[in-house]
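Take a look at the letters that make up each chain.
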Amino acid sequence: MLQVLKLVRAETLRSLLLTVRYPLELVVGLGIMYSIFMGLFLGASALVRDPQVLSASLDGFVISYVMWFFVISAISRLAFQIQMEAQIGVLEQIVLNYPRLLLLLLVRSVVDFGGSLVVVAILLLSIMATTGKWLTVGAEHILPLLLLLVLTVAGIYGFGLIFAGMALVYKRIGQVGSIVQFAFFLLAYLPIEQLSTGARVLLYALPLTLGLRLIKLIAVQHGNVFSEGNLVLLLALALDSALYLLAGAAVFRLCERQARLDGRLGQY
Amino acid sequence: MVDKPPAFRLEGLTKTFYPLIPWHRHRAVRAVQGIDLAVPRGCIFSLLGPNGAGKTTTIKMIAGLVLPTAGHVSFYDEKGNELRTRPRLGAVLEGTRNLYWRLSPLENLQYFGELKGLPLAQIRREAQELLDMFGLADRARASTQTLSRGMQQKVAVAIALLGRPPVLLLDEPTLGLDVESSRAIQQRLRELVERAGCTIVLTTHQMELAARIADRIGIISHGKLIAQDSLANLMAFFRRQDYELQLPQAEWQRLRGEVSSFRFSEQQGSLDAEATVVFHLEKPADFYALSERLLAVRPQLSSLRQVTPSLEDIFLEITRHYGGGEPGGEVCSRC
Chain A
27 MLQVLKLVRA ETLRSLLLTV RYPLELVVGL GIMYSIFMGL FLGASALVRD PQVLSASLDG
87 FVISYVMWFF VISAISRLAF QIQMEAQIGV LEQIVLNYPR LLLLLLVRSV VDFGGSLVVV
147 AILLLSIMAT TGKWLTVGAE HILPLLLLLV LTVAGIYGFG LIFAGMALVY KRIGQVGSIV
207 QFAFFLLAYL PIEQLSTGAR VLLYALPLTL GLRLIKLIAV QHGNVFSEGN LVLLLALALD
267 SALYLLAGAA VFRLCERQAR LDGRLGQY
Chain B
5 MVDKPPAFRL EGLTKTFYPL IPWHRHRAVR AVQGIDLAVP RGCIFSLLGP NGAGKTTTIK
65 MIAGLVLPTA GHVSFYDEKG NELRTRPRLG AVLEGTRNLY WRLSPLENLQ YFGELKGLPL
125 AQIRREAQEL LDMFGLADRA RASTQTLSRG MQQKVAVAIA LLGRPPVLLL DEPTLGLDVE
185 SSRAIQQRLR ELVERAGCTI VLTTHQMELA ARIADRIGII SHGKLIAQDS LANLMAFFRR
245 QDYELQLPQA EWQRLRGEVS SFRFSEQQGS LDAEATVVFH LEKPADFYAL SERLLAVRPQ
305 LSSLRQVTPS LEDIFLEITR HYGGGEPGGE VCSRC
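In order, the protein sequence lines correspond to chains A and B.
Under the numbering used here, read the first sequence as residues 27 to 294, first letter to last.
Under the numbering used here, read the second sequence as residues 5 to 339, first letter to last.
The set of hints was computed from the structure by calculation and includes no laboratory data.
Given the structure is predicted, the values throughout are model-derived calculations rather than measurements.
Even glycine gets a Cβ: it sits at the ideal position worked out from N, Cα and C.
Treat the hints with care, as some may be off.
Below are the SDA-like pairs computed for lysine to any residue, each with C-alpha atoms no more than 25 Å apart in a straight line [unchecked claim]:
1) A:Lys32 <-> B:Gly167
2) A:Lys197 <-> B:Val33
3) A:Lys32 <-> B:Gln132
To give an idea of the chain B side of the interface with chain A (calculated C-beta under 7 Å), a few residues [as the list claims (entries may be wrong)]:
4) Leu69
5) Leu71
6) Ala95
7) Asn102
8) Tyr104
9) Glu118
10) Leu119
11) Lys120
12) Glu184
Not everything, but these chain A residues come out facing chain B in the computed CB check (under 7 Å) [as the list claims (entries may be wrong)]:
13) Gln29
14) Lys32
15) Ala36
16) Arg40
17) Arg47
18) Pro49
19) Leu50
20) Gly115
21) Val116
22) Glu118
23) Gln119
24) Asn123
25) Tyr124
26) Leu287
When you get a sec, could you build the whole thing from the sequences and use the hints?
The following block contains the structure:
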């Protein structure tokens, strides 16, 4: 446990230092995310002429967008880091000094999630300040919201592990990553509730969707996630995320073994 | 040295790299073929071999970065008991590429020290010590990318030495270093072996470095370990059989046909009046047979001496004559 905490400290420091040393990436990344949102917002405003309708759906719109940011972070950053570290040659040194690569990646996910929360806070503040629509959450909803966020993001990072594993073996997976990110963007905005039961079950089994629905339940509708009707959904979300984490870990281990068999850890 | 328990042992270590695409399996590359080797604890073992011989793949298999196709690596404790897990290893594998260039040397040392699980106080103490040793104390907080290649190499070696690992794997550790730094590293490695009982595997193309520092030499060619012994034994083995003859060209032409049954190499330029011929005899008794021929022909010899080969001569001789041999065709093995 102490070793894991040391690892968290080491990874946090490394992540912070590298973020500071590559400031343009952070600033441009934030700028692009903000610009995309504004593009979507202005587009939606032009389509939906009625300000009341627009205002009513804006909360959900913002939440979907912010949750999509976590998907981008989980899928691209874990895989990109592996790809970049193989490229600069440091990956082998990391594995040599800490052979439990999966655990290291899980720690990185936690650290990355922490960093993403800060970025999301900045993004959210900018968006709310621009649109003039402020999300309000009661104090009693903060803990359930955090729980939902952690559960949802855990599943997303589990899914991200699959891409990190693929990066170990196939090295360049940028195209696949981009397509998947786009698919998740569609998922974030898809009106799943209006689809057939089969489609709903299928789509809610994917990462992000069920968590997003429950987060909106609290943040937009100010509902109770622990109520009898919603508890089943909460348990389903926990199970779904656990399965994605397990599946991601299993795929990553398989890919790691394949990379070691092929001597690909140091290749790019 | 021979009686020391092994730090680790390679048994039938084999690596074949298969392409990812299944129908390209015929393009598989056999990088390492059935290496058996026991490296004694507290020794510097230098692995020599031409480019593409399989040195790096072997080192990466020892490090666990590449999984063998067959065979295995086992590590032992000081009492000679086999360890269940690989002990903490230090390594320089890709030289300057083993670092985060955007972090400073101190930050790199701190990060990798924490990955190794070392206490923060120990990391700080050892990092300062290593940076002082390599003359990098005044650049400790500079971005690694602003350092010269030699300095970056020193940082990579410092990371490997951090935590005084029981086994060190160094792939060309002194590449690009100035003489002073190279000597400092050699001295440090020797100290680690003598004071801490560390075991070091070193690959290098610098024969003088291997000759100066290594207790034992292994020569690898086409993925096979074709020789392994102490430098002294390798020298003795080859010294017994190499004899250099210097004589006028005309005399050599007269003698040549008489000694054609012996294996020899001529080292002469077309304009040289003097010929230099080195006889590579199979066994000591062959020298008497050669002497008899010489006495029969009685050429005017300028000199006749037993050659004391350099490690480079031995390396070239072994790889040239035994490199393509059958697996296990070791020229000498006294491990």
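- Query: Per the CB criterion, is arginine 47 (chain A) less than 7 Å away from chain B?
  - Reply: holds (4 Å)
- Message: Less than 7 Å between beta-carbons is the criterion; does arginine 40 (chain A) satisfy it with respect to chain B?
- Response: Where the cut-off is 7 Å and the nearest Cβ of chain B is about 5 Å from arginine 40 (chain A), the hint holds.
- With a cut-off of 7 Å on the beta carbons, see whether tyrosine 124 (chain A) makes it to chain B. It holds, given that the least Cβ distance between tyrosine 124 (chain A) and chain B is near 4 Å, below 7 Å.
- Compare the distance between the alpha carbons of lysine 197 (chain A) and valine 33 (chain B) with 25 Å, and conclude whether the hinted pair is satisfied. Given pair lysine 197 (chain A), valine 33 (chain B) holds - Cα atoms ~20 Å apart, limit 25 Å.
- Message: Would the hint on glutamate 118 (chain A) be counted as holding, given a Cβ-Cβ threshold of 7 Å to chain B?
- Response: holds (5 Å)
- Taking the closest Cβ pair, is tyrosine 104 (chain B) under 7 Å from chain A? holds (6 Å)
- Taking the closest Cβ pair, is glycine 115 (chain A) under 7 Å from chain B? Holds, because the Cβ-Cβ distance from glycine 115 (chain A) to chain B comes to roughly 3 Å (cut-off 7 Å).
- Item | Interface hint outcome for alanine 95 (chain B) [beta carbon to chain A under 7 Å] | Since chain A brings a Cβ to about 5 Å from alanine 95 (chain B), closer than 7 Å, the hint holds.
- Given glutamine 29 (chain A) as an interface hint, is the shortest Cβ-Cβ distance to chain B below 7 Å? holds (6 Å)
- Hey, does the glutamine 119 (chain A) contact hint survive, CB to chain B under 7 Å? holds (4 Å)
- Restraint check, 7 Å cut-off on beta carbons, for asparagine 123 (chain A) near chain B: holds (4 Å)
- Query: Is the hint on glutamate 118 (chain B) kept, meaning its closest Cβ partner in chain A is under 7 Å away?
  - Reply: Nearest chain A Cβ about 4 Å off; hint holds.
Hints 12, 18, 19 from the list above are not met by this structure, while the remaining hints are.
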